[in-house]
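In the numbering used here, the protein residues as written are 2 to 193.
Just so you know, these hints were derived from the structure itself, not from any lab. Please read these numbers as outputs of a predicted model, since none were measured by experiment. Treat the hints with caution; some may be incorrect.
When the alpha-carbon atoms are kept at most 20 Å apart in a straight line, the in silico SDA-like pairs for lysine to any residue are as follows [as the list claims (entries may be wrong)]:
no.	residue 1	residue 2
1	Lys-94	Arg-79
2	Lys-94	Arg-78
3	Lys-67	Arg-78
Ranges of calculated distance between the beta carbons of each label pair, as one might list FRET restraints [as the list claims (entries may be wrong)]:
no.	residue 1	residue 2	range
4	Glu-55	Arg-98	38 to 48 Å
5	Arg-78	Gly-109	35 to 45 Å
6	Thr-65	Ala-110	25 to 35 Å
7	Ile-175	Ala-137	39 to 49 Å
8	Thr-65	Gly-109	53 to 63 Å
9	Asp-162	His-95	25 to 35 Å
10	Pro-108	Thr-81	35 to 45 Å
11	Ser-149	Arg-115	22 to 32 Å
12	Arg-165	Ala-110	34 to 44 Å
13	Thr-102	Lys-69	36 to 46 Å
14	His-95	Trp-23	49 to 59 Å
15	Ala-110	Gln-154	35 to 45 Å
16	Arg-68	Ala-143	22 to 32 Å
Just so you know, even glycine gets a beta-carbon here, dropped at the ideal spot from N, CA and C.
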Amino acid sequence: RIMLAFGLYLGARLGDAACMNWGSVDMARRLVRYTPRKTARKNPEALLIPLHPELFAILDETPTAKRKGPVTPDMARRYTEKGQGPVSALVQKHFERCGITTTDERPGAGVRRRVAVGFHSLRHTAVSLLRQAGAAQSISQALVGHNSPEVHQLYTHTDEDAMRRAVLSLPAVIEDKPPEKSRDDQMREIIE
Numbered sequence: 002r003i004m005l006a007f008g009l010y011l012g013a014r015l016g017d018a019a020c021m022n023w024g025s026v027d028m029a030r031r032l033v034r035y036t037p038r039k040t041a042r043k044n045p046e047a048l049l050i051p052l053h054p055e056l057f058a059i060l061d062e063t064p065t066a067k068r069k070g071p072v073t074p075d076m077a078r079r080y081t082e083k084g085q086g087p088v089s090a091l092v093q094k095h096f097e098r099c100g101i102t103t104t105d106e107r108p109g110a111g112v113r114r115r116v117a118v119g120f121h122s123l124r125h126t127a128v129s130l131l132r133q134a135g136a137a138q139s140i141s142q143a144l145v146g147h148n149s150p151e152v153h154q155l156y157t158h159t160d161e162d163a164m165r166r167a168v169l170s171l172p173a174v175i176e177d178k179p180p181e182k183s184r185d186d187q188m189r190e191i192i193e
């Protein structure tokens, strides 16, 4: 649960989420400060991310006296001893138990199924939700630690409702008569 919350609310990659250390979590300031493993050699700068209230509540369930070492000791041990595969497989099984289809069929005899939804999908979700909530690209990019806008754009997915809300936010400038419904009423209809 904590590891999944790190993926969703921090946009953390699997290794960073599994091996997150309590030394990176500042509960008093409600911040997480960590250097992503993937980019640590090229860019050793740490990310500083405010804790979402839900993530804070989940972390706060751990008694203060036990906030030492890895935040998820079992996952950290599995990841460091056995690698990414077994931890990723646990996430896949969890998603499947939740009714999420995690693989796609690929044509051809003997061709393996492709993972379509996995832990990394939480990173994409984090970016998309930030952007849909109105966060500037520079903010969402900084929060997940992307070095380029081009890479970051690959993680931004929009849905029909978000596009509809964006279109409705445009002012009416062509027609002289007022709209039949206020923009707020139109937005309520879409959301409902």
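Right, here's what the structure says about each hint:
1. Only pairs whose Cα atoms come within 20 Å are accepted, and Lys-94 paired with Arg-79 is accepted, the gap being roughly 16 Å.
2. Of the supplied pair hints, the one linking Lys-94 and Arg-78 holds, its CA atoms being roughly 19 Å apart against a limit of 20 Å.
3. Among the hinted pairs, Lys-67 with Arg-78 is consistent with the structure: their alpha-carbon atoms are about 17 Å apart, no more than 20 Å.
4. About 21 Å separates the C-beta atoms of Glu-55 and Arg-98, a value inconsistent with the hinted range of 38 to 48 Å.
5. A hinted range of 35 to 45 Å holds for the C-beta pair Arg-78 and Gly-109, which are about 38 Å apart.
6. Restraint check, Thr-65 to Ala-110: a C-beta distance of roughly 57 Å breaks the suggested window 25 to 35 Å.
7. Between Ile-175 and Ala-137 the beta carbon distance is about 29 Å. The supplied range of 39 to 49 Å is therefore violated.
8. For Thr-65 and Gly-109, the hinted distance range of 53 to 63 Å is satisfied, since their beta carbons lie about 54 Å from each other.
9. For the pair Asp-162 and His-95, the supplied restraint of 25 to 35 Å holds, since their beta-carbon distance comes to about 27 Å.
10. In this structure the hint that Pro-108 and Thr-81 lie 35 to 45 Å apart at CB holds, the actual value being about 37 Å.
11. About 25 Å separates the C-beta atoms of Ser-149 and Arg-115, a value consistent with the hinted range of 22 to 32 Å.
12. Against the hinted window of 34 to 44 Å, the Cβ-Cβ separation of Arg-165 and Ala-110 comes to about 43 Å, which satisfies the hint.
13. Evaluation of the 36 to 46 Å hint for Thr-102 and Lys-69 yields a pass: the beta carbon distance comes to about 39 Å.
14. Judged by the Cβ atoms, the range 49 to 59 Å given for His-95 and Trp-23 is violated: they are separated by roughly 23 Å.
15. Taking 35 to 45 Å as the suggested C-beta distance range, the pair Ala-110 and Gln-154 conforms, at roughly 36 Å.
16. Hint check: Arg-68 to Ala-143, Cβ distance near 26 Å, so the stated range 22 to 32 Å holds.
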